[in-house]
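> The task is simple: from the sequences and hints, build the whole structure.
Line by line, the protein sequences give chains E and W. Position 37 of the first sequence, counting from 1, maps to 37 under the numbering used here, and the rest follow consecutively. Position 307 of the second sequence, counting from 1, maps to 307 under the numbering used here, and the rest follow consecutively.
Quick caveat, the hints were computed from the structure, so don't treat them as lab data. No false leads were slipped in.
In silico DSBU-like cross-links for lysine-lysine, where the CA-CA straight-line distance does not exceed 35 Å:
| # | chain 1 | residue 1 | chain 2 | residue 2 |
| --- | --- | --- | --- | --- |
| 1 | E | Lys150 | W | Lys288 |
| 2 | W | Lys15 | E | Lys288 |
| 3 | E | Lys290 | W | Lys35 |
| 4 | W | Lys292 | E | Lys150 |
| 5 | E | Lys24 | W | Lys150 |
| 6 | W | Lys289 | E | Lys15 |
There are 2 protein chains.
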Amino acid sequence: MKYCVGVDVGGTTIKNGIFEESGKLIVKWAIPTRKEDGSAHIFEDIADSISTKLTETGISKADVLGIGMGVPGPVLPDGYVEVCVNLGLNERFPARELSALMDGMPVKISNDANIAALGEMWQGGGKGYESICMVTLGTGVGGGIIHDEKIINGCHGIAGEIGHMHVTDGEEESCNCGGHGCLEQYASATGIVRVAKRKLLETDVKSLLREKEERFSAKDVCDAAKAGDEIALETLEYSMGKLGLVLSYIAMCSDPEVFVIGGGVSKAGEFLTAIIERHLNSHLNMIKKKEKNVVLARLGNDAGIYGAAKMVLE
Amino acid sequence: MKYCVGVDVGGTTIKNGIFEESGKLIVKWAIPTRKEDGSAHIFEDIADSISTKLTETGISKADVLGIGMGVPGPVLPDGYVEVCVNLGLNERFPARELSALMDGMPVKISNDANIAALGEMWQGGGKGYESICMVTLGTGVGGGIIHDEKIINGCHGIAGEIGHMHVTDGEEESCNCGGHGCLEQYASATGIVRVAKRKLLETDVKSLLREKEERFSAKDVCDAAKAGDEIALETLEYSMGKLGLVLSYIAMCSDPEVFVIGGGVSKAGEFLTAIIERHLNSHLNMIKKKEKNVVLARLGNDAGIYGAAKMVLE
Chain E
1 MKYCVGVDVG GTTIKNGIFE ESGKLIVKWA IPTRKEDGSA HIFEDIADSI
51 STKLTETGIS KADVLGIGMG VPGPVLPDGY VEVCVNLGLN ERFPARELSA
101 LMDGMPVKIS NDANIAALGE MWQGGGKGYE SICMVTLGTG VGGGIIHDEK
151 IINGCHGIAG EIGHMHVTDG EEESCNCGGH GCLEQYASAT GIVRVAKRKL
201 LETDVKSLLR EKEERFSAKD VCDAAKAGDE IALETLEYSM GKLGLVLSYI
251 AMCSDPEVFV IGGGVSKAGE FLTAIIERHL NSHLNMIKKK EKNVVLARLG
301 NDAGIYGAAK MVLE
Chain W
1 MKYCVGVDVG GTTIKNGIFE ESGKLIVKWA IPTRKEDGSA HIFEDIADSI
51 STKLTETGIS KADVLGIGMG VPGPVLPDGY VEVCVNLGLN ERFPARELSA
101 LMDGMPVKIS NDANIAALGE MWQGGGKGYE SICMVTLGTG VGGGIIHDEK
151 IINGCHGIAG EIGHMHVTDG EEESCNCGGH GCLEQYASAT GIVRVAKRKL
201 LETDVKSLLR EKEERFSAKD VCDAAKAGDE IALETLEYSM GKLGLVLSYI
251 AMCSDPEVFV IGGGVSKAGE FLTAIIERHL NSHLNMIKKK EKNVVLARLG
301 NDAGIYGAAK MVLE
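In structure tokens form, the structure reads like this:
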């Protein structure tokens, strides 16, 4: 039996998992992210933790095909990471460092959104497909593109960064990236709330959201929409309309078999994916037969470790 | 010495070329496209023509690795072509048909815009790169995406169909695809003329274009812009601004190394690519170092036969 290890490095915790080649998760665990001194010790911590867990589970290093690792930032084709803002990590080759600490064990690396996409293709909502686009709707909007079972990383490591596609002219607020009118400003959890607040200001229509004054979440907007609230429905039409538009751009670029929607906002379920799918298909005039092509993610926060491990098997 | 054959099937002529594996073009020729009876005889004509030319050049069929063919329409992953409007071709497997007519010689097939992109990567403006996006600015706007030296065809055969990305809300005229506000409506040769005419109506500003009344071309717009004509410059800012925006979508999807601009409009040269590049980069806040990433195509109408032949070598 051969094994592979997946590591998903986040700003507060590092998730890890040991998998069989088949995709079966043997064990998963998390360690805190030690960010002091520019994350100087982060790879030592990972290496120690994996070695300890392999010993505990009685798996020999010789039976481990390799480690896959995801980091929250762009990764260049040679594995170079110029900057990971969330980790305070700068100008490093994380895969080489971890490999050296693991006696030369092969280590592959990619962006965290990309490994989540690969994980969902392998064992999640995109299982059975070879080409998918995964979108994570959380605080921001992340994306990953899988083509022929492989991550597209891109020459600057920004492939799949769909949250920063420009979708609205004339936006006055600026996005974290410095741009104005990025998808993330409308379709993330915070974006949905922002859109709803704007709609509330534009009209006097009664709304469940108005009763909550300034204190409601994207979940509240989705719940209100399900209950038929007009403002909440208009908000999702707008926000998910922008997402559907962006998915049509992906369809006319890499044309994946399916779009997988994950992240906290996706808990609204098929109510939400149906809106996204309707907008997506409204922009795809050149496709006659439109199948169900927007589905829900299934692996939750484990998607990253699944995808990281899958990279090893490429 | 081994050879490969490239065939680029167009609505009026079929272009053909025999290449060495190195990419050297040995001979090229064209035959008319016989469209009668739903293009019933089109593949017989191609097979006869290739066989004749191989005999003439003294190349044995045994030394031909295969044939690559491009057709003007979407090709599904199994080679199925549901419809090629320009050829009157419906529900066919063109590669299988041509292979059967060539004693089982391997035949690969893709969309014509995609093979042009592969050709430009192999021996044209994208030579030396592995991942490119090619855009053809002609009567319409075509596109092809090459990733790791291979065409991305997509599950519906619409990968690279960037001409139909929706870029403008509220457009009243409809696009050939049935949509409203597609890139093609602004950035194609006809689109550029349409944008210029609208600008002329909006103002009384003097313009070289106004003197031509309703009879000017995209080339005239580019020439006037080079001469400093205000309306012409505004037109290209708008039209190429929309193209630059769409290229930023491609950058955030497959993140190619370079964008190659071809087609009749691209004869305006680096004056045009500089405008496109400026708009593209204005949307890429997440990339710090911006290299020269928009270049001109070099193979002209031969790009298709180059790329078709290159498919054989994959």
